[in-house]
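Trainee: Given only the sequences and the hints, what does the whole structure look like? Please build it.
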Amino acid sequence: MNKTAEKQELLDKIVEAIQDVKGEDIMIFDLSNIENSVAETFVICSGNSNTQVAALAGSVEKKVRNELKERPWHVEGTENAMWVLVDYVSVVVHIFQKQVREYYDIEELWGDAVITKIENEF
Numbered sequence: 000m001n002k003t004a005e006k007q008e009l010l011d012k013i014v015e016a017i018q019d020v021k022g023e024d025i026m027i028f029d030l031s032n033i034e035n036s037v038a039e040t041f042v043i044c045s046g047n048s049n050t051q052v053a054a055l056a057g058s059v060e061k062k063v064r065n066e067l068k069e070r071p072w073h074v075e076g077t078e079n080a081m082w083v084l085v086d087y088v089s090v091v092v093h094i095f096q097k098q099v100r101e102y103y104d105i106e107e108l109w110g111d112a113v114i115t116k117i118e119n120e121f
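So the sequence shown is numbered by numbering that gives the first Met the number 0: it starts at 0 and just counts up by one.
What the hints contain is simulated information worked out from the structure, not anything from laboratory work.
What you are looking at is a predicted structure, and each value in this text was computed from that prediction instead of being measured.
Certain hints may be false.
Unchecked claim - Using 16 Å as the maximum straight-line C-alpha spacing, the simulated EDC-like pairs for lysine to aspartate or glutamate come out as follows:
#1 K2 with E39
#2 K61 with D19
#3 K97 with D24
#4 K62 with E8
#5 K6 with D29
To be verified - Distance ranges between label pairs, derived from CB positions:
#6 D111 with T50: 30 to 36 Å
#7 N1 with E101: 33 to 39 Å
#8 E34 with G57: 30 to 36 Å
#9 Q98 with D11: 17 to 23 Å
#10 R64 with I117: 19 to 25 Å
A virtual CB, placed ideally from N, CA and C, is assigned to each residue, including glycine.
Mentor: Next up, the structure:
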């Protein structure tokens, strides 16, 4: 499997894992054409509480580990679960509590990215 297909499979599993726990406002940011970006792709979503944010991060890690045998290179923010980052190197997942996401306005920061909105399934 080539790198592009592997990354797409990883993205699909991450989105499924977020949807499994009812994550909201899921967006995929393609940063591959942005100079000096920290990753090729960001997946961003929101949860309604620190409990849901922690559950979303757990769901992503578990699904990717169980189905793709991959573990994140780095995870941070789980202590207070306001903003959890799950880093798979080429794909970085940002899971925010709604008000924290609004405050940091990442969509605006990465406005040059190609952004794909994932429609909620529920």
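Trainee: Now tell me, hint by hint, if it's right for this structure.
Mentor: Verification of the hints:
1. For the hint pairing K2 with E39, the CA-to-CA distance comes to about 12 Å; that is within 16 Å, so the pair holds.
2. Restraint check for K61 and D19: satisfied, since their Cα atoms lie roughly 12 Å apart, inside the 16 Å limit.
3. For the proposed pair K97 and D24, the alpha carbon gap of about 9 Å is at most 16 Å, so the pair holds.
4. For the hint pairing K62 with E8, the CA-to-CA distance comes to about 12 Å; that is within 16 Å, so the pair holds.
5. Restraint check for K6 and D29: satisfied, since their Cα atoms lie roughly 12 Å apart, inside the 16 Å limit.
6. Separated by about 34 Å at the C-beta atoms, D111 and T50 satisfy the suggested range of 30 to 36 Å.
7. Checking the proposed 33 to 39 Å range against N1 and E101 shows it holds: the Cβ atoms sit about 37 Å from each other.
8. Between E34 and G57 the beta carbon distance is about 34 Å. The supplied range of 30 to 36 Å therefore holds.
9. Checked against the hint of 17 to 23 Å, the pair Q98 and D11 fails, with Cβ atoms roughly 29 Å apart.
10. Between R64 and I117 the CB atoms are about 21 Å apart, so this pair conforms to the stated range of 19 to 25 Å.
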